[in-house]
Amino acid sequence: MPAGLLGIEELDRAEIEAILARAKDFQPIQSQTVKKLDTLRGKMIVNLFYEASTRTRTSFEIAAKRLGADAVSITASGSSVSKGESLVDTLNTLAAMRPDAIVMRHAASGAPHFLARHLPTPIINAGDGTHEHPTQALLDARTILDRRDRLEGLKVAIIGDIAHSRVARSNVHLLAKFGVEIVLCGPASLLPVELAQLAPGVRLTTDIRDAIRDADVIMMLRVQLERQHEAAFPASEYFQFYGLRLEHMDLAKPDAIVMHPGPINRGRELSSEVADFTRSVILNQVENGIAVRMAVLEKVIG
Amino acid sequence: MPLVIKNGRVIDPASQTDRVADVLIVDGRVAGVAPNLSSPKAEIFDATGMIVAPGFIDMHVHLREPGFEHAETIESGARAAAAGGFTSVCCMPNTKPVNDSKTVTSYVVEQGKKAAVNVFPIGAITKGSAGEELAAIGAMKAAGAVAISDDGLPVMNSRVMRRAMEFAKSYDLPIIQHCEDLNLSAGGDMHEGAQSVRWGLRGIPAASEDVMVARDLVLAQLTGARYHVAHISTGNAVAMVEYARQKGLSVTCETTPHHFSLSDSEMLPYDSNYKMKPPLRSCCHRDAVVAGLVAGTIGAIATDHAPHAGSEKMQEFERCPFGIIGLETAIGLALEQLVVTGKITLTRMVELFTTGPDSVMRLGRGTLAPGAPGDVTVFSTDVSWTYDVNQSPSRSRNSPFHCHAFRGGPMATVVNGEMVWKRE
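Residue numbers (the numbering used here), protein chains in the order written: chain D, 1 to 302; chain P, 1 to 424.
I should point out that these hints are in silico values taken from the structure, not numbers from a laboratory. Some hints here could point you the wrong way.
[As the list claims (entries may be wrong)] Across the chosen pairs, the derived CB separations fall in these ranges:
| id | chain 1 | residue 1 | chain 2 | residue 2 | range |
| --- | --- | --- | --- | --- | --- |
| 1 | D | GLY84 | P | MET1 | 29 to 39 angstroms |
| 2 | P | VAL218 | D | ASN92 | 45 to 55 angstroms |
| 3 | D | THR33 | P | ASN390 | 53 to 63 angstroms |
| 4 | P | ALA405 | D | GLN240 | 29 to 39 angstroms |
| 5 | D | THR54 | P | SER265 | 55 to 65 angstroms |
| 6 | D | VAL72 | P | SER384 | 47 to 57 angstroms |
| 7 | D | GLU247 | P | GLU266 | 46 to 56 angstroms |
| 8 | P | ASN390 | D | VAL72 | 47 to 57 angstroms |
| 9 | P | CYS403 | D | THR33 | 16 to 26 angstroms |
| 10 | D | SER236 | P | ARG362 | 56 to 66 angstroms |
| 11 | P | ALA207 | D | SER236 | 25 to 35 angstroms |
| 12 | P | LYS96 | D | THR54 | 35 to 45 angstroms |
[Claimed, not checked] Footprint (simulated), chain P over chain D, 3 or more residues, beta carbon under 8 angstroms:
| id | stretch |
| --- | --- |
| 13 | 31–39 |
| 14 | 86–92 |
| 15 | 105–118 |
| 16 | 214–224 |
[Stated by the list, open to error] Pulled from the structure, derived: some chain D residues nowhere near chain P, Cβ distances all over 10 angstroms:
| id | residue |
| --- | --- |
| 17 | GLU132 |
| 18 | GLY201 |
| 19 | GLU237 |
| 20 | PHE239 |
| 21 | VAL300 |
Each residue gets a CB set at the ideal place from its N, CA and C atoms; glycine is no exception.
Bound-form chain D, shown alone (with noise of 0.2 angstroms):
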């Protein structure tokens, strides 16, 4: 199986510290007047997205562009998919045009590392179903670096419809290779009791109150209803339950930031005035994104 990123689970705690050094020397690329290096100069790749993403192709295009390399990007509106070619025939007809790495988003879980047994090319995951979104959680925990010494001995508390999570679950396994203490809050029936045994230092509660207290950090989900199949909950108290509001944020750290996957719905998962908060770092957590997936192009091409 050629090297690519499929998710954090299987990455040792060096890889990814590794990782998120390099990105932070990549942090200070992104503000300047001529933002383009030619560490991969010559190289091609192929951004491959099955779901619709405004900003995680973006990043991934930008990243790859930013190094020097050519990327090309596919939406699976208007591809073969729509013809009915099967997905390994999809991936080994761009396999053929010998592309440095594929990168894909699938609504498939699984679906990359099914491809991965199969194909040359290195994969890089970007987000597969509800299974992991590798890129996302170190970009969240590069984010959470640049305001806090260490991960270890941190709180963090992600809340929403963890069941449906590839967010949460990745950074549930990173967070947990660092010690970090992790709580898991939503509705009942979007929090399998499973979800404890997924790493060591997780914690599960139905009650956000408990789930902030004391948090250095807030990690909020979207509420994905594309992801479910039935009515998990009833929608219409969503937010009286599990919305993060300004109030709440009391019961946390004083210093505590918030952060979001995106794209935000106002009023469904948190308010306004948290959206805007001076405390929450969701669009750090996007220009962090293209510094982080600098650096795994460049681990996965280089």
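Following the hints, position chain P against chain D.
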């Protein structure tokens, strides 16, 4: 030509035989089991050091014909059965068209006559297995159906199931249920538990099986039908069947080699060769299934041989169809998981493949009594072999046991006095 199987250890639970002897088959029937048998011009098979048993019966296979011949045919599936040591198979009705009529039943019977092993069709419970209107059960029985089942799909409507049981009883047919509450399992791809949560795959809860078994046992009590749970896979389901049996109900169940051999923690991530229904459960369910085999609650091992063409299984996990092939690996797995581990005796294992399924399907087989059909399974407890799915007579390749090294397996298969398969 007569056949003598010489010097094997003959284990025939039906006649409580366990001794070294010869088995003589003349005119397609067992003529005798005794030391030093011979017959002029007889073909001789030397079974020294091997086990000689009544022909094994797989009461639950999918042969895909008519309709899905790209995945399997009655001919190819029967050859796979022979290579796995089975002399009789009962094939489920989820073909295209569904076997819900005497026309399809007769077709399967006719194709079966040309096949390497005995083929017995199972008719559908409902038309098109749609779960609504009863199929022509009596006509299918007259054409050769040995049981009814909507396998692959459960009969969700309790009223329809009640009526089906009443009819099955009046025709003296067993009714076999694939126990799954479709509302609880909807969208699921694997057992609901720590592993499904880790992999972000939707779960099929054990409760989806338990709920259906519980309902059906109540209906079996109400109707007095002979009720059989297919591929039982959960601890609660085994316990409920045991309870019903103690109450005196005519209730039986089978499990599969993969359900007593594997759990969800042994799955390779997103490998569709581990995707089947019911799914591979957690270790505690697997252990309960093994305990059910030991205790006698589970009376039969059936493979649920479910061929799918390579392209169908070469997809995203959630898009792949359910099922694996299993005919050729069943004996090896039973020996490895149940006998070598000391959980059951060889005699008990032979029962699970012979008298167990025959007591449900009533084929009049599964014994070496004089005059019985000349079906014999010869197997070894110490032959070393490695399963190469690419050499399988099956048209499909979907097995999680490819490259598995076995100690013990089938050596020769005799159907109605003809040697239809021999280990090379």
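Each hint, compared with the structure:
1. The hinted window of 29 to 39 angstroms between GLY84/D and MET1/P is violated, with their beta carbons roughly 54 angstroms apart.
2. Look at VAL218/P against ASN92/D: about 52 angstroms separates their beta carbons, and that is inside 45 to 55 angstroms.
3. Taken as a hint, the range 53 to 63 angstroms holds for the pair THR33/D and ASN390/P, whose Cβ atoms sit roughly 60 angstroms apart.
4. Judged by the Cβ atoms, the range 29 to 39 angstroms given for ALA405/P and GLN240/D is violated: they are separated by roughly 59 angstroms.
5. For THR54/D and SER265/P, the Cβ-Cβ distance of about 38 angstroms falls outside the hinted range of 55 to 65 angstroms, so the restraint is violated.
6. Distance hint for VAL72/D and SER384/P: a CB-CB separation of about 51 angstroms, consistent with the stated range 47 to 57 angstroms.
7. For the pair GLU247/D and GLU266/P, the beta carbons lie near 49 angstroms from each other, so the given range of 46 to 56 angstroms is met.
8. As the Cβ distance of ASN390/P to VAL72/D is approximately 37 angstroms, the hint placing it in 47 to 57 angstroms is violated.
9. The hinted range of 16 to 26 angstroms is not satisfied by CYS403/P and THR33/D, whose Cβ atoms lie roughly 58 angstroms apart.
10. Distance hint for SER236/D and ARG362/P: a CB-CB separation of about 58 angstroms, consistent with the stated range 56 to 66 angstroms.
11. A beta carbon spacing of about 28 angstroms between ALA207/P and SER236/D agrees with the range 25 to 35 angstroms that was offered as a hint.
12. Distance hint check for LYS96/P and THR54/D: the Cβ-Cβ separation is about 43 angstroms, which falls inside the suggested range of 35 to 45 angstroms.
13. Under the rule that three or more residues need a Cβ within less than 8 angstroms of chain P, the assignment of the stretch 31–39 of chain D is violated, with 0 such residues.
14. Only when three residues or more bring their CB closer than 8 angstroms to a CB of chain P does the claim for the stretch 86–92 of chain D stand; here the count is 3, and the claim holds.
15. Coverage of the stretch 105–118 of chain D by chain P holds [criterion: at least 3 residues with CB-CB distance below 8 angstroms; count 8].
16. With a threshold of 8 angstroms between beta carbons, the proposed coverage of the stretch 214–224 of chain D by chain P is violated, since 0 of its residues qualify and at least three are required.
17. Distance check for GLU132/D against chain P: the nearest CB is about 7 angstroms away, which does not clear 10 angstroms, and the non-interface claim fails.
18. At the 10 angstroms boundary, the C-beta of GLY201/D stays outside the reach of chain P, the nearest C-beta of that chain being 16 angstroms off.
19. In this structure GLU237/D is separated from chain P by more than 10 angstroms, as the shortest Cβ-Cβ distance comes to about 24 angstroms.
20. The Cβ of PHE239/D lies farther than 10 angstroms from every Cβ of chain P, with a closest approach of about 25 angstroms, so its non-interface assignment holds.
21. The non-interface label for VAL300/D is consistent with chain P: the shortest C-beta to C-beta separation is roughly 20 angstroms, beyond 10 angstroms.
Figure legend: structure checked against the earlier numbered hints; hints not met, in rising order: 1, 4, 5, 8, 9, 13, 16, 17.
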